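For this one, chain A is given, so just place chain B with the ligands on it according to the hints.
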Amino acid sequence: MDPTSDSTAAPPVTAPGTPSAGLATLSVEDRTASGSVPIEEREVVFDCQGVGVRYNGKRALRDVDLRIHANAVTALIGPSGCGKSTFIRCLNRMNDLIPGAAVDGAVAYHGEDLYDPQVDPIEVRKRIGMVFQKPNPFPKSIYDNIAFGPRVLGMKDQLDDRVEQALKRAALWDEVKDRLKEGALGLSGGQQQRLCIARALAVEPDVILMDEPCSALDPISTSAIEDLMLSLTDEYTVVIVTHNMQQAARVADMTAFFSVDQGETGARCGVLVEVDRTERIFTNPANERTEAYVTGRFG
Amino acid sequence: MNAAGRIAQDRAGLAVRESLAGRRNRSVAAGVFLGYLLLSTVVGLIALGVLLVTILQDGLPYLDAMLFTNSPSANPERAGARPAIIASILVAVVLIATALPIAVGTAVYLEEFAPKGNRLIDLIELNIQNLAAVPSIIFGILGLAFLVRGLDLGPVLLAGALILGLQMLPTVIIASREALRAVPDSVRQGGMALGATRWQVVWREVLPAAIPGIATGSILGMSRAIGETAPLLMVGAATFVSFNPGLLTQYTVLPILIYQWIKLPQEMFQGLAAAAIIVLLVILVAMNGFAIWMRNRYERKW
Ligand SMILES: Nc1ncnc2c1ncn2[C@@H]1O[C@H](COP(=O)(O)OP(=O)(O)OP(=O)(O)O)[C@@H](O)[C@H]1O
Ligand SMILES: [Mg+2]
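These protein sequence lines are chains A and B, in that order. Counting from 542, one number per residue, gives the positions in the first sequence under our numbering. Counting from 3, one number per residue, gives the positions in the second sequence under our numbering.
Incorrect hints may have been included.
So, partial list: chain B residues that the calculated Cβ filter (under 7 Å) puts toward chain A [unchecked claim]:
id: 1; residue: 118
id: 2; residue: 192
id: 3; residue: 198
id: 4; residue: 202
id: 5; residue: 207
According to the in silico footprint, chain B covers these stretches of chain A (three or more CB under 8 Å from chain B) [to be verified]:
id: 6; segment: 635 to 643
id: 7; segment: 678 to 688
id: 8; segment: 739 to 753
No lab work stands behind these hints: they were computed from the structure. Small disclaimer: the values here were computed from a predicted structure and weren't measured. C-beta: ideal position from N, C-alpha, C; glycine also.
Extracted from the complex, chain A is given alone in its bound form (with noise of 0.2 Å):
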């Protein structure tokens, strides 16, 4: 591209994808635009290349070359043991606090390098958000729950709103408004799923990481936690691992698919099969062992 003419004239729509958008939060056409653009075209917020992690020396995943696009939810599935919860942890550095945990690979963050030397693990955990398997509610009130983040962050102003407003985000604001002051750990699991996400949302992350966030949780509040996610694609990427098929098949845009890799020394290492369009992992898959696993057949 011809830099002089980017520095004068205000550039055309920027072309889905460039890396250029940085890590401003989206701006409000790309937001229109998304339900119209197809999904691999738009803006690419992770680029991970040869993304590998071992622990202690041991190999547990290998060779993960994947994108991750703006404002839609992607889907980790794949065995037990595949890796998934350790890749989704390469996303916003928190393998870092895994003693024994050593990333190789690219992870590109809007064209960033996650893992440069300069780049700080907590900068980069402010921007993406992470939402864990069990709830994990700090023991304290509900509001301090939700405004430890921005507490911390320093971003003190308007903390009431703040606060309300990620509960909103979150749909359980109705559920909490009259008991703000009461214990977190005194909501029931649901609740305190979608107070984890509220959590996570009242930073104004980018991106937002669910490892597993339905496991422990019954029909109705994981329907909540879908149609949250679902409606979070307007202002956020969501990346979430699920063992539930038709969870992934109902809020997926992309499914990626994992498994694991017996190596000639007979070491199990996790590795990514195939990721594609969700309706298409699911009806027509390119890999015949993506085929097995999501119709059930896996060996």
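Chain B with the ligands alone, transformed into the frame defined by chain A:
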């Protein structure tokens, strides 16, 4: 049902009966064990009851205002424990100001920040465990050599309190680490995932969640220190102090005064000693009671 089926079912029934009988045998063993546990408890309670009753009988008549307002005196009619009570309170204050923050700080560092699997850290941990098992008289010798003589503090209250603090350190460190460890990792991960620093997570979430456990351990450690005698004798706590002690003066504490009074021949001093024991007991029971109340009040199910 055919014959073979019936036989099979009888067999199955027999097996069930046998396994149920096995359970009854086990429950007999459990009953015997339970009886033994009850007996042990009863023996302990009786011993404690007898002690309490004797002390109350001997001490109650002497438990009056004079005990709190008067200084020790050769005349049992006028003798009181005021300087010793004040000294015990001062000791507690010094413990809170010195040993407590050091112990909690150590626990937080070891539990939350120290690199895992580091040789030096392992050595420190091992030493803390060992320190908890060192007899108190050894701490007294250390205090005498290092504080009283080495630093030339002399036999003053501060020296005694510091050595009690040192003795209290391992107990409080271990209790605090336990309390920190009881805070699930998911809380730390949840905080870090929001972009908080480790320090922010520890300061705002982990430490507050662990405070009840830390406080319980601290109070128990303090109450042990308040009742301690041996190391203070070693670092030269005086036995006869008739003035109100300060940090840098001679002093005596309640347990030492009790020890002193009991050795005196006059019967009235025995009564005074018993009364002072009641005072000490009330203080210690109150501290322990508060610790237990705290533990129950803030006990958390994760
Ligand atoms: N902290 C860790 N230390 C060592 N090995 C680990 C650690 N976490 C995961 N592993 C290993 O890495 C592999 C992938 O684990 P991971 O948790 O990512 O699987 P998963 O796909 O999320 O499985 P599940 O569906 O059961 O959650 C497993 O073999 C696991 O034993
Ligand atoms: Mg997992």
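A quick look at each hint next to the structure:
Checking residue 118 (chain B) against chain A by beta carbon gives a least distance of about 6 Å; that is within 7 Å, so the hint holds. The beta carbon of residue 192 (chain B) comes within 4 Å of a beta carbon in chain A, closer than 7 Å, and the hint placing it at the interface holds. A least Cβ separation of about 4 Å between residue 198 (chain B) and chain A falls short of the 7 Å threshold, and the interface hint therefore holds. Checking residue 202 (chain B) against chain A: minimum C-beta separation of about 5 Å stays under 7 Å; hint holds.
Residue-level restraint check for residue 207 (chain B) holds (minimum Cβ-Cβ distance to chain A is 5 Å; threshold 7 Å). Figure legend: the segment 635 to 643 of chain A, annotated as covered by chain B; annotation consistent (3 residues with Cβ-Cβ distances under 8 Å, at least 3 required). Proximity of the segment 678 to 688 of chain A to chain B, defined as three or more residues with a beta carbon under 8 Å from a beta carbon of that chain, is established by the 4 residues found. For the segment 739 to 753 of chain A, the proposed coverage by chain B is satisfied: 3 residues have a C-beta within less than 8 Å of a C-beta in that chain, meeting the threshold of three.
Of the hints listed earlier, there is not a single one the structure fails to meet.
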